[in-house]
Amino acid sequence: MSKWSQNWFAGIAAILIAAVALAGCSSPSGSPAASTATPAKSINLNGAGATFPAPLYTKWFDEYNKLTGVKVNYQPIGSGGGISQITEGTVDFGATDGIMTEAEMTKAESKNGPIMHIPMTSGSVAVIYNLSGIGSGQLKLTGDVLADIYMKKITKWNNPEIASLNPDLKLPDAAIAVVFRSDGSGTTYIFTNYLSKVSQGFKASIGNAKAVKWPGDIGGQGNAGVAGQVQQIPNSIGYVELAYAEQNKLAWAQLKNAAGNFIEPSLEATTKAAEGVSLPDDMKVMLTDSSNPEAYPIAGFTWILVYANQRDKDKGEALAKMLWWAIHDGQHYTSALSYGSLASTAVTKAENAILSMKYEGQTLITR
Amino acid sequence: MDKCKPNTSHIAVGSDTASAVRARVGDKIFSRLTLFFSVLMVAILIALLVALGIDAWPAIQKFGLSFISSIEWDPVNEVFGALPAIYGTLLTSLIGLLIAVPISLGSAVFLSELAPDWMRRPCSFVIEMLAAIPSVIIGLWGLYVMVPFIRNPIETWLGSNLGFLPLFQGPPFGVGFLSAGIILAIMVIPIITAVSREVIAAVPLTQREAMLALGATRWEMITRSVLPYCRSGLVGGVILGLGRALGETMAVTMVIGNSYALSPSLFSPGATIASKVASEFNEASGDLYIGSLIELALVLFAITLLVNIIARLLVWRTVSVRGTGE
Amino acid sequence: MKAQSGYFRRQQFSRMMLVLCGVATAIVILVLILILGYTLVNGISYLSLDFITQQSKPVGEAGGGMRDDIYGTFILVGLASLIALPVGLMTGIFLAEFAGPKMASAIRFAADILAGVPSIIVGVFAYAILVRPMHTYSALSAGVALAIIMIPVVARTAEESLRLVPNSQREAALALGISRWRITLGVIVPGAVTGIVTGIMLAVARIAGETAPLIFTALGSAFGVQGLTQPIGALPLQIYRYALSPYSDWQQQAWAAAFLLVILVLGINIVVRLVSSRKKK
Numbered sequence: 001m002s003k004w005s006q007n008w009f010a011g012i013a014a015i016l017i018a019a020v021a022l023a024g025c026s027s028p029s030g031s032p033a034a035s036t037a038t039p040a041k042s043i044n045l046n047g048a049g050a051t052f053p054a055p056l057y058t059k060w061f062d063e064y065n066k067l068t069g070v071k072v073n074y075q076p077i078g079s080g081g082g083i084s085q086i087t088e089g090t091v092d093f094g095a096t097d098g099i100m101t102e103a104e105m106t107k108a109e110s111k112n113g114p115i116m117h118i119p120m121t122s123g124s125v126a127v128i129y130n131l132s133g134i135g136s137g138q139l140k141l142t143g144d145v146l147a148d149i150y151m152k153k154i155t156k157w158n159n160p161e162i163a164s165l166n167p168d169l170k171l172p173d174a175a176i177a178v179v180f181r182s183d184g185s186g187t188t189y190i191f192t193n194y195l196s197k198v199s200q201g202f203k204a205s206i207g208n209a210k211a212v213k214w215p216g217d218i219g220g221q222g223n224a225g226v227a228g229q230v231q232q233i234p235n236s237i238g239y240v241e242l243a244y245a246e247q248n249k250l251a252w253a254q255l256k257n258a259a260g261n262f263i264e265p266s267l268e269a270t271t272k273a274a275e276g277v278s279l280p281d282d283m284k285v286m287l288t289d290s291s292n293p294e295a296y297p298i299a300g301f302t303w304i305l306v307y308a309n310q311r312d313k314d315k316g317e318a319l320a321k322m323l324w325w326a327i328h329d330g331q332h333y334t335s336a337l338s339y340g341s342l343a344s345t346a347v348t349k350a351e352n353a354i355l356s357m358k359y360e361g362q363t364l365i366t367r
Numbered sequence: 001m002d003k004c005k006p007n008t009s010h011i012a013v014g015s016d017t018a019s020a021v022r023a024r025v026g027d028k029i030f031s032r033l034t035l036f037f038s039v040l041m042v043a044i045l046i047a048l049l050v051a052l053g054i055d056a057w058p059a060i061q062k063f064g065l066s067f068i069s070s071i072e073w074d075p076v077n078e079v080f081g082a083l084p085a086i087y088g089t090l091l092t093s094l095i096g097l098l099i100a101v102p103i104s105l106g107s108a109v110f111l112s113e114l115a116p117d118w119m120r121r122p123c124s125f126v127i128e129m130l131a132a133i134p135s136v137i138i139g140l141w142g143l144y145v146m147v148p149f150i151r152n153p154i155e156t157w158l159g160s161n162l163g164f165l166p167l168f169q170g171p172p173f174g175v176g177f178l179s180a181g182i183i184l185a186i187m188v189i190p191i192i193t194a195v196s197r198e199v200i201a202a203v204p205l206t207q208r209e210a211m212l213a214l215g216a217t218r219w220e221m222i223t224r225s226v227l228p229y230c231r232s233g234l235v236g237g238v239i240l241g242l243g244r245a246l247g248e249t250m251a252v253t254m255v256i257g258n259s260y261a262l263s264p265s266l267f268s269p270g271a272t273i274a275s276k277v278a279s280e281f282n283e284a285s286g287d288l289y290i291g292s293l294i295e296l297a298l299v300l301f302a303i304t305l306l307v308n309i310i311a312r313l314l315v316w317r318t319v320s321v322r323g324t325g326e
Numbered sequence: 001m002k003a004q005s006g007y008f009r010r011q012q013f014s015r016m017m018l019v020l021c022g023v024a025t026a027i028v029i030l031v032l033i034l035i036l037g038y039t040l041v042n043g044i045s046y047l048s049l050d051f052i053t054q055q056s057k058p059v060g061e062a063g064g065g066m067r068d069d070i071y072g073t074f075i076l077v078g079l080a081s082l083i084a085l086p087v088g089l090m091t092g093i094f095l096a097e098f099a100g101p102k103m104a105s106a107i108r109f110a111a112d113i114l115a116g117v118p119s120i121i122v123g124v125f126a127y128a129i130l131v132r133p134m135h136t137y138s139a140l141s142a143g144v145a146l147a148i149i150m151i152p153v154v155a156r157t158a159e160e161s162l163r164l165v166p167n168s169q170r171e172a173a174l175a176l177g178i179s180r181w182r183i184t185l186g187v188i189v190p191g192a193v194t195g196i197v198t199g200i201m202l203a204v205a206r207i208a209g210e211t212a213p214l215i216f217t218a219l220g221s222a223f224g225v226q227g228l229t230q231p232i233g234a235l236p237l238q239i240y241r242y243a244l245s246p247y248s249d250w251q252q253q254a255w256a257a258a259f260l261l262v263i264l265v266l267g268i269n270i271v272v273r274l275v276s277s278r279k280k281k
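Protein chains in written order, with this note's numbering: chain A, 1 to 367; chain B, 1 to 326; chain C, 1 to 281.
It is possible that part of the hints are untrue.
Per label pair, the in silico range of CB-to-CB distance [claimed, not checked]:
| hint | chain 1 | residue 1 | chain 2 | residue 2 | range |
| --- | --- | --- | --- | --- | --- |
| 1 | B | Leu-205 | C | Arg-9 | 24 to 32 Å |
| 2 | C | Gln-12 | A | Ser-132 | 17 to 25 Å |
| 3 | C | Glu-171 | B | Leu-205 | 13 to 21 Å |
| 4 | C | Val-271 | B | Leu-214 | 40 to 48 Å |
It is worth saying that the hints were derived from the structure and are not from the lab.
Beta carbons are placed, not taken as given, at the ideal position from N, Cα and C, and that holds for glycine.
Please build the complete structure, drawing on both the sequences and the hints.
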């Protein structure tokens with residue numbers, strides 16, 4: 001082989017190998033941890049799951065790292081992903097917007113022992129629309145009307161059922177373009193949970209899940225996809241996370257809650273939703289259709305999933321401490337990012353759950 | 001590996017010198033090595049198929065052949081069928097290729113035959129840059145910039161003037177098969193152009209000169225001499241592009257509307273196999289649901305197989321001609 | 001004369017078709033400008049040196065960059081290339097030089113099928129064979145997934161380029177008594193090098209922007225590169241997550257990062273081509 005081609009091969013191979021070797025030498029380019037109490041062994045925790053709380057968790061873990069030096073790496077891969085990964089043991093904790101099903105619980109628990117849902121924050125699903133001349137907060141809807149729209153039973157905006165709720169609005173004689181989430185998501189789970197509660201027809205024909213069979217019209221990918229469609233298509237309706245609607249100033253509807261009041265989606269109304277629902281000890285409860293008079297009806301918790309029996313003492317302790325911090329100090333960061341802070345009743349239950357985390361029979365942290 | 005020797009190697013004709021033996025052994029090792037890697041590639045493919053088959057088994061068992069003909073996709077009641085996704089995949093890829101192939105070939109011809117030297121390299125870079133744009137960005141651009149343009153004026157014009165054709169009926173949402181097909185064309189053009197440009201440029205000068213000497217116009221020279229010469233390379237490029245089109249997920253998902261509909265209209269929202277899998281896989285739970293999604297992927301495998309076979313039959317190559325010498 | 005006018009018409013036709021070819025090229029460049037321009041406009045506020053040198057910051061905090069993800073992309077591309085280039089090139093050489101027609105047909109077929117596998121499925125496969133057994137997301141599994149996507153592109157373009165090297169070169173070298181493998185590596189491959197490099201660059205451009213496989217293998221990392229058997233972040237992953245997030249500063253960062261990614265790949269492209277063409281003659 002001639003010299004030059006040898007050099008050429010050698011040069012490129014050298015560059016490639018160098019790049020990979022650099023990666024192989026674990027050189028964590030971590031943040032400048034200005035921590036006074038740097039632990040002797042630096043702890044790394046990995047978590048994955050729901051996309052909805054990801055911005056909040058990113059903020060939390062950045063702050064927590066500055067405080068304690070513990071590195072918590074959270075990545076959004078979806079609630080279903082969070083459940084699968086904690087089951088498989090590829091991550092230290094999972095995160096989900098939807099409650100694990102019986103089957104999922106059995107699978108996880110048979111592998112690694114009891115698993116707990118610990119609520120971290122709550123959010124709402126806003127119903128957004130694109131109607132010329134009708135601004136944000138002006139349109140009023142009820143649960144069963146919304147369900148009928150999404151079942152394609154009500155097909156036009158000037159349908160008498162909608163009109164009777166909005167006597168002073170000029171609703172167009174136009175077909176409603178229905179936009180739904182095409183990707184499975186916790187948002188869809190909460191939305192369909194609510195519609196299944198308020199409409200027997202919806203429950204029977206469509207049901208409550210992260211992904212369902214919608215009769216029409218258009219699916220958008222992610223909140224961005226749904227919002228993009230609604231913003232572009234006249235006379236359309238869709239549903240997105242409150243955070244998304246707030247940050248992008250989308251027009252949302254007032255919904256009638258169980259107490260009979262029309263409420264706009266907001267952080268306060270989200271937190272109030274938890275106060276109208278009796279919270280079980282295992283915190284596996286949906287907050288939709290809450291009876292609190294000030295509650296927004298389509299609200300829900302998002303949980304972190306951890307095993308009650310931890311396999312590694314240091315990691316388990318770090319995990320428990322981090323969770324404790326999250327439900328207390330972490331709540332200070334929620335409203336700036338459009339998340340609902342935990343109601344005090346919820347915090348109490350969450351505390352009990354965290355205190356029950358054990359390593360080899362010993363509780364990991366105390367108050 | 002042998003030490004580097006100057007260009008003109010010694011001549012070992014017939015004699016069994018040590019270096020001749022080394023050469024034969026070297027040849028054997030080398031050809032075995034290339035065989036090994038080729039087999040490795042095939043092994044990866046087979047492993048993929050097997051892994052998919054195992055995960056898809058619950059769905060295959062439950063639905064059998066009706067999976068391909070059913071139009072239901074209901075995760076709640078766990079009834080799954082592939083037909084609308086298959087239809088969407090084929091339709092959007094067809095549209096994509098119909099748009100992409102003429103444009104790509106035209107650009108490739110332009111760049112290799114007509115463009116002045118100073119233009120060639122930069123233009124090639126520019127086209128390859130298109131290949132580097134992440135598909136989610138193309139998808140978002142498609143959603144925010146292209147789709148409104150498609151909705152109005154394109155779909156509105158088509159609907160009002162050619163609306164008697166079932167192809168152009170239905171409300172102009174903007175998202176749908178037409179937009180997805182155009183997005184696929186955008187993603188596939190760089191590949192086909194780049195490969196075509198390379199193979200056209202590699203055609204020997206003598207081929208071109210011979211045609212011109214016979215009195216052909218430039219166009220005739222290109223279509224009757226140059227392109228047929230590198231025909232297999234051109235087809236190879238198109239097949240690579242087709243592969244990309246069939247499997248493209250992110251960009252298509254953003255602009256196809258994700259409705260499980262079987263409609264002859266180009267305006268209709270729809271779904272492709274890749275977009276369905278990409279949308280729902282992350283959140284899917286339950287062996288039957290995940291199995292069905294994976295079975296969809298297997299169906300895509302089968303479609304790719306069939307399309308490849310048909311493409312090969314259409315471009316009937318008698319003998320694999322290896323660079324006809326001059 | 002009739003012959004004259006016939007020829008004139010053919011020339012007209014020829015000229016018209018060639019103009020159309022120019023139009024086709026213009027369309028492609030126009031589309032690129034539209035997309036890249038839009039990306040640039042949306043991300044411009046974040047394009048600065050800081051973006052490349054800083055770590056990412058949570059929402060609401062000013063500044064922040066994608067340094068770790070850029071690094072991660074380089075590493076993943078390097079890793080994937082390390083695996084895919086030998087496999088792809090050797091397969092291409094085998095198909096062009098050594099394979100009999102039936103075997104060549106079968107392997108070529110397999111390559112084309114592999115090229116059509118959705119990238120998300122490749123990711124799922126890598127998850128099943130590496131992430132799950134190892135009980136951790138890793139850069140290694142991501143590299144493998146990306147390599148699988150690269151291999152067919154590299155192999156097929158290499159094969160087609162090698163085939164186009166005229167037989168006369170092979171015959172001349174053989175007549176001189178040079179051994180087969182030397183001919184292939186020293187004469188044929190260099191003769192096809194621009195085509196091979198094109199194939200490699202196409203493959204690199206593709207995987208540099210792939211998100212779906214990374215979701216199942218790399219996971220992403222908030223703390224930079226931790227090692228080959230640890231989760232790792234990369235530009236396309238971060239772009240995907242930021243672009244679909246509610247926050248406008250994250251969205252802008254996504255556009256800026258996308259622009260950066262294209263420039264990065266362009267840079268690699270230019271460098272590689274300079275290196276390979278300078279050594280050519």
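Okay, the hints, checked on the actual structure:
1. Leu-205(B) - Arg-9(C): 24 to 32 Å: The hint (24 to 32 Å, Cβ to Cβ) holds, given that Leu-205(B) and Arg-9(C) are roughly 27 Å apart.
2. Gln-12(C) - Ser-132(A): 17 to 25 Å: violated (52 Å)
3. Glu-171(C) - Leu-205(B): 13 to 21 Å: holds (19 Å)
4. Val-271(C) - Leu-214(B): 40 to 48 Å: Holds: the Cβ-Cβ distance is about 43 Å, inside 40 to 48 Å.
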